[in-house]
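Enquirer: Okay, here's what each chain looks like letter by letter:
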Amino acid sequence: MRRFLQTFVALRHRPVAVVGLALVLFWFAAALLAPVLAPFDPLTPLKPFAKPGAAHGDALLLLGADTVGRDILSRVLFGARAVLLYAIGATLLAYAVGVAAGLAAGYYRGRVDTVLSFGANVVLSFPVLVLYILILTTVGASGLNILLAVTVASAPGIMRVVRGLTLELREREFVAAAKLRGDGAFYIMLVEILPNVRGPLLVDACLRFGYVIITIGVLGFLGLGLPPPVPDWGSMIKEARQVALAFPHMTLAPAVAISSLVLGFNLLADGLRDLDGRG
Amino acid sequence: MCLFLLKRLGMLALTMLVVSVVVFLLLELTPGTVATKVLGQYATVEQQRIWLETHGYFDPAAERYLRWLAKLLTGDLGESLRYKTPVGDVLWPRLLNTVILGAAVLAIMVPLSLALGVVAGMREGRPSDRVISIVSVVTTSVPEFASAAFLSALFVFALGWLPGTSAMSGGFNWRELVLPVAVLVLYDFGYVVRMTRASMADVMTQPYIRTALLKGLPFRVVVLRHALRNALIAPFTVILLQVNWLLSGVIVVESFFAYKGFGALLLEASLFGDIFLIEACAMVAVVVAVGTQTLADIAYAYLSPRIRFA
Chain A
0 MRRFLQTFVA LRHRPVAVVG LALVLFWFAA ALLAPVLAPF DPLTPLKPFA
50 KPGAAHGDAL LLLGADTVGR DILSRVLFGA RAVLLYAIGA TLLAYAVGVA
100 AGLAAGYYRG RVDTVLSFGA NVVLSFPVLV LYILILTTVG ASGLNILLAV
150 TVASAPGIMR VVRGLTLELR EREFVAAAKL RGDGAFYIML VEILPNVRGP
200 LLVDACLRFG YVIITIGVLG FLGLGLPPPV PDWGSMIKEA RQVALAFPHM
250 TLAPAVAISS LVLGFNLLAD GLRDLDGRG
Chain B
0 MCLFLLKRLG MLALTMLVVS VVVFLLLELT PGTVATKVLG QYATVEQQRI
50 WLETHGYFDP AAERYLRWLA KLLTGDLGES LRYKTPVGDV LWPRLLNTVI
100 LGAAVLAIMV PLSLALGVVA GMREGRPSDR VISIVSVVTT SVPEFASAAF
150 LSALFVFALG WLPGTSAMSG GFNWRELVLP VAVLVLYDFG YVVRMTRASM
200 ADVMTQPYIR TALLKGLPFR VVVLRHALRN ALIAPFTVIL LQVNWLLSGV
250 IVVESFFAYK GFGALLLEAS LFGDIFLIEA CAMVAVVVAV GTQTLADIAY
300 AYLSPRIRFA
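Going down the list, the protein sequences come from chains A and B. Sequential numbering of the first sequence, starting at 0, is according to numbering that gives the first Met the number 0. Sequential numbering of the second sequence, starting at 0, is according to numbering that gives the first Met the number 0.
Here chain B stands alone, though its shape is the one from the complex (with noise of 0.2 angstroms):
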């Protein structure tokens, strides 16, 4: 257990460091666009040169991306260039904006989807069955943006009942937290429905439930005791991996209800070519995806004993 986490945080590291590379070389390929972003279109050339000098740009590439490493490795996330501030003084608060929005789906969307995958899989090829399967397959289908702008056409324009906008700009407001998170919600949960009904329609036909239905046991015993156990293992893990997924939707959700979280600064800053804020968000998107990952397998194998980390 130990050497496995070991393991992965070595993974974890490493994958770090691929792309914090990857992400400096894609950003060295446009060098001249930064000057003129940061001093505006009317600067002089000789202007640029010496905020350039004064930043360290002349300095060769490998030295400038050892001395973002080393300033990392310190906690210092250096200066937003967009902002004109410390990183970590933009990022913290859009994520934990962001945080408040994925936990809200998560709360949701958790619930919702494994109720559903239970009562589809419970009795495979029912009516039930055919209905949940087809919705689940419909809302996947609808993309975020596509799907914000039918809900915002309902409920904000046909309807009048919400916001259509979540910039939060008169302080937190929940009524502005419903549309993002119902788009997110119904994008993702027809995947974790999907999973939970396979999962729990290969349980359903398992000997020993066979067995606890013929020394009659009732049938809702028999799904509750028995079967939930092992069939809710797999989509706990699907779960967790979706997290990846909600990161990607939040970026369309925020950029389309301009709330105010860290896909849309990921979006803002990487059209500014803002680099150290850049590379802190994708250190950020990084270590969430490694995470919910290793805690996947972890949770994977903590639920099914067959499994034991070699």
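Isolated chain A (complex conformation) (with noise of 0.2 angstroms):
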């Protein structure tokens, strides 16, 4: 824990880095305080197709109405909600079994990891989009779906990294020592070489959690996303696509949410890699 604080630390002489670290800690602010901030409920029809600037009794609707009159900055603050918990939600869950399964397989060889890797690859040679479409219009859309299509389309990715450097890790001389002293395998594989391959996938990480932020969006515009009355970008982004032409207001909210977010996390990412070169 300590030494991640101080990768942050470190990350204050690169501007890039902090501005994109300041973009994600305003979204996860906005996500968290987001009852707070809202002047609305996200989910009360006020105005319909008002302009950005309306007035509503005492408030303003700073960023408009959509076409059915529910608070447009509302939305997407609590969107940022829906977004951030579904993102971190797939991200952990599909770390959880890719790093499972590259540890397996870095680890064990063999069979083991031809079958993983068989797998893994059969899943990668597809356009994951296809595959999201694919899963959610056959078992229908929830958020438990969607953690599962994330995590069924991102975990062979993340396997592929852990097991390149399990690969390596395992012919080091401390993961020899702890099989000299008896160690069992979940032990080496949790204790001895987890921690090792900790660096790379922190970089890893914050790519992967803006793609899956985009990934969620995409879903939610394509009509797969989280069920209707819950705001999310992308599927705000999809219910004013209609009249978008007339009232561009209503997508251009959402659009610069997701857009600024995700930007965050790449320029994070950026940092962190250039750190990482620089040992």
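Hint data in this document are derived by calculation from the structure and do not stem from the laboratory. Be aware that one or more of the hints could be misleading.
Incomplete in silico selection of chain A near chain B, CB under 10 angstroms [claimed, not checked]:
no., residue
1, Val121
2, Ser124
3, Gly198
4, Gly216
5, Val217
6, Ala239
7, Phe246
8, Val261
9, Phe264
The following label-pair restraints were derived from C-beta to C-beta distances [to be verified]:
no., chain 1, residue 1, chain 2, residue 2, range
10, B, Arg66, A, Glu172, 57 to 63 angstroms
11, A, Gly68, B, Pro126, 43 to 49 angstroms
12, A, Arg171, B, Leu95, 29 to 35 angstroms
C-beta: ideal position from N, C-alpha, C; glycine also.
Build the complex: two chains, separate frames, hints provided.
Expert: Spelled out as structure tokens, the structure:
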């Protein structure tokens, strides 16, 4: 944990990474404080098609309202909750599966590796979005299914990274020493090998997190996202798509939101990678 | 080389087989809804039963799958439930539209990203390098549906220069192709730029480049004659692998701009549960994905003499 914090302290000399971190923290704060910050309830229809800045009672609809009349600012803020929550859940689950499979494939090699690697290759040789669509249209779109679909599609990539690192690490002296001590395979994988793959995985995690956010947005946009009343950025754009040519403010707000959040993670990943390169 | 191709063909067949079984099983989870979708909501249970029976849905799943597979091997893709025509009649024209879209994207993206990547990697750390690198991070961070929203707000709503949909209902119109192409290029070019930059920067630190510079060759000649040759090997394979990403992006862009292509068809077919159409689309996706990967490997070996097939 201390090394983790040190990494972020070291980032302060990189303006690009600082901007990235600021964007990410901004959206985390927005998600946490959404009930306090949001001027209206995100689900209550107020004033359909209201332009940005239109007055409603004492308050202003700063970013306007959507086709049903719900306040867009409130929906964007609450949308941050849904997006971050599902992105974190999906990324963690994908990492749990990917790391476990990668450790097993890299450590045991042989038949375990062949089977796992073939499975990963099949998934990876397939355009991911096609996979999501096939899974979600058949099992139905729900929060849990999005988690599962993202896991199925992301875990193979994570597995490849971990497997490569593990193949190298398992030949090191400290693993040999652990074996001589009589430590079990699980202990060696979790306590001896896993801590050593953390560094490269941190950069990968930032990039992947940004990508998972895009994915959740795309699924929402295609109508395969979270069930309707939940405000999520992708489905906000989908709902406003039909009238976007007359009321562009409805699509612009969620588009800016998702782009800035993903940009934050990508800039952060850039900064972290530079640090890694310098040692 | 021959052995390598055979191995890859085997891998392709195996992947197609696995994917088609998985797709079939996934669709098998929802058998009742097919009849409802084809016959409409007001069909009686009896009508549904008759339809299911005449279309062989009461046979065991394995038998139906094998029947489909046997037909596929003879080149028959089956019949689309939604369009009520042979799958090929729907699939090929849509695929052609997407090929046009994809070709336009590659024709713009490849020269643009290679040039920017080479300029950025030529002199690492210069302001031009910083600017190009940041621009490429920013554009890759904007998902396709978001940049589609930005671009149409600007060019359709504010400026009124371009049409907002690309259904091509009045015949082929290049103006309707501009926004979809722009969105895909914006999202995809950043990655190729970064790869080209990394490869170029790496080559520029090689001893033979220093030798060429020290013996007095102009910088321009060193870059064009000596560096590019090696620096473009890695980006070339990256571009081929990019086709896979393009296929995903195409689904979003086509449904945003109502372009009648393969991506939109795949989405439609999946939402409808149109099994043979989905299977055909999935097979096309696998062939494209594995095909470009194989091509990338061959090209890599061909361009880089250090690599030989085992």
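Enquirer: Which numbered hints does this structure break?
Expert: Per hint list: 3, 12 violated.
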